[in-house]
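K.L.:
So you can see what is in the structure, the chains are spelled out below.
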Amino acid sequence: MSKTAKPGWKTIPIGGILLEPGSAVKYKTGDWRAFKPNVDQGKCINCLLCWIYCPDAAINRKEKFVEVNYDYCKGCGICANECPVKAITMTEEKR
Amino acid sequence: MAQVMGLTGDEAIAYAAKQSKVDVVAAYPITPQTIIVEAFSEYVHNGEVHSEFVCVESEHSAMSACIGSSLTGARVFTASSSQGLALMHEMLYIASGLRCPIIMGVANRALSAPINIHGDHSDMMGSRDCGWIQVYCENAQEAYDWVLQAFRIAEDHDVLLPITVNIDGFILTHALERVEVYGDSDVDKFLSVRKPSVEINPDKPVTVGALCFTDYYFETKRQHEEAMRQAPKVIAKVNKEFEALTGKKYGYVDTYGIEDAEAAILCLGSTAGTAKAVAKELHSQGKKVGVIKPWVYRPFPTAQLLKATEKLKAIAVLDRAYSPGAPCGALCSDIQSILFENGKRPRAFDVVYGLGGRDITPSDLKAIFEEALEVAKTGTVKEPLRFVGVRE
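As they're listed, the protein sequences go chains V and P.
Those letters in the first sequence? Residues 1 to 95, per the working numbering, in order.
Those letters in the second sequence? Residues 1 to 392, per the working numbering, in order.
Be aware that a few hints might be false.
[Said to hold, decoys possible] List time: in silico DSS-like cross-link candidates among lysine-lysine, alpha-carbon distance up to 30 Å:
(1) P:K221 - V:K28
(2) P:K248 - V:K10
(3) V:K74 - P:K221
[What the hints assert, rightly or not] Stretches of chain P that chain V covers, calculated by requiring three or more beta carbons in the stretch to come under 8 Å of a beta carbon on chain V:
(4) 141–154
(5) 205–212
[Unchecked claim] From the derived model, a few chain P residues whose C-beta atoms are all more than 10 Å from chain V:
(6) Q83
(7) D334
(8) R391
Quick caveat, the hints were computed from the structure, so don't treat them as lab data.
Just so you know, even glycine gets a beta-carbon here, dropped at the ideal spot from N, CA and C.
For reference, chain V alone in the conformation it holds in the complex (with noise of 0.2 Å):
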């Protein structure tokens, strides 16, 4: 999650018009998480399961195991559910 400080009301543009085009990639959604997953580096066969499974394709492929990107990822908790060896486990997010 984004720790930066936001734009307030009187800086950003009128509207909500965005100004700037392809700007949804900034957007970080991984904000919206309540449970966070966790990789088991050592458990991680790389079968890609989570991978296939991810619906925000939030999980990178790394050569021997994955790893979650954060910023994005909404922690539905699907990873952890497909997991055949049980190597992802979801910790509730602390703010």
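Following the hints, complete the assembly by docking chain P onto the known chain V.
P.N.:
Leaving out everything else, chain P in the frame of chain V:
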């Protein structure tokens, strides 16, 4: 040069829209507004104005087309009433939320059921919180004058809000009145071409109407509030320039005889005309009564109304709309709320009247003035909410 014409309230609004050289009109007919768009379509047909006239299939589509057009930088006008305004309800919030300076003539009419085509303020009060600036007119001249001023106010970059110019159904929409209209060249001087705040440019694309969740929605609404707070300054400036051009003096609040009054009627729209005539008669009998008419209802003219009411002992607030189950009507509720924290607090009571076009007669108004004088004398309100003109 000013010229005198015989125009109905609807025709006066259409004439002002023509002289404002609007780029786009998207509208759907509904009684008692129909004459506005009919008259305008004639101007288009006769080549008197070069506007794009969009015949749409509903008021929802009308407002949608207006929003799209306005966002391209066009000057946009439409008109509606009653059920039509209700069908637009969803789009009204989008027009103001996207900060489209659209001007809409609203011919105030009752809402169904039972079905009724006559004048009351239920339609506009039902959409009171839509975020538009709302102006109420007493006669056809005011309707014409306010439409011309509305474009200037709405399109100012410190405001950028849509405006409804309200006229009472049939009483103003269909009655022929003497209206002084100004020359096209004078209007051109007063109202130049709209300068959009965001330019439409394919090399510099922008996104409008994007998703805005918990993190920015609130800030966007606070900006909207700021536009409402900036509006009075802009309205005052435009009123002043309009006066310099036409000699006609406008403001947020119109008053009659309140300087030495103890009791007043406070109302919106055409009823103020009758109330002034009755107040004049009562004055000649030595009775201290006055009339207060907010021209601008949103943003609410708090400071001006506190000033107008500071010497009064009693106010009869007239609501031509009914809010079922509420402590009182919308206008009275606003007045009570600004008076509550004010040190000098006249007693105020609510009179719901004229629903579905029921006439409010001089004798009704006389009785209301007498009641207000009684409240001024005793300091006691016997009936905080009363219905005048309804059969028991």
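K.L.:
Each hint: holds or not?
P.N.:
Hint check results:
For the hint linking K221 of chain P to K28 of chain V, the alpha-carbon distance of about 22 Å falls within 30 Å, and the restraint holds. Of the pairs offered as hints, the one joining K248 of chain P and K10 of chain V is violated, with about 36 Å between alpha carbons and a cut-off of 30 Å exceeded. Restraint check for K74 of chain V and K221 of chain P: satisfied, since their Cα atoms lie roughly 26 Å apart, inside the 30 Å limit. Only residues whose C-beta sits within less than 8 Å of a C-beta in chain V count toward coverage, and the stretch 141–154 of chain P has 0 of them, not enough to reach three; the restraint is violated.
For the stretch 205–212 of chain P, the proposed coverage by chain V is satisfied: 7 residues have a C-beta within less than 8 Å of a C-beta in that chain, meeting the threshold of three. At roughly 28 Å from the closest C-beta of chain V, the C-beta of Q83 of chain P stays outside 10 Å, upholding its exclusion from the interface. With a least CB separation of 25 Å from chain V, D334 of chain P remains clear of the 10 Å interface cut-off, as annotated. Every CB of chain V is more than 10 Å from the CB of R391 of chain P (nearest about 48 Å), matching its label as outside the interface.
The structure shown violates the earlier hints numbered 2 and 4.
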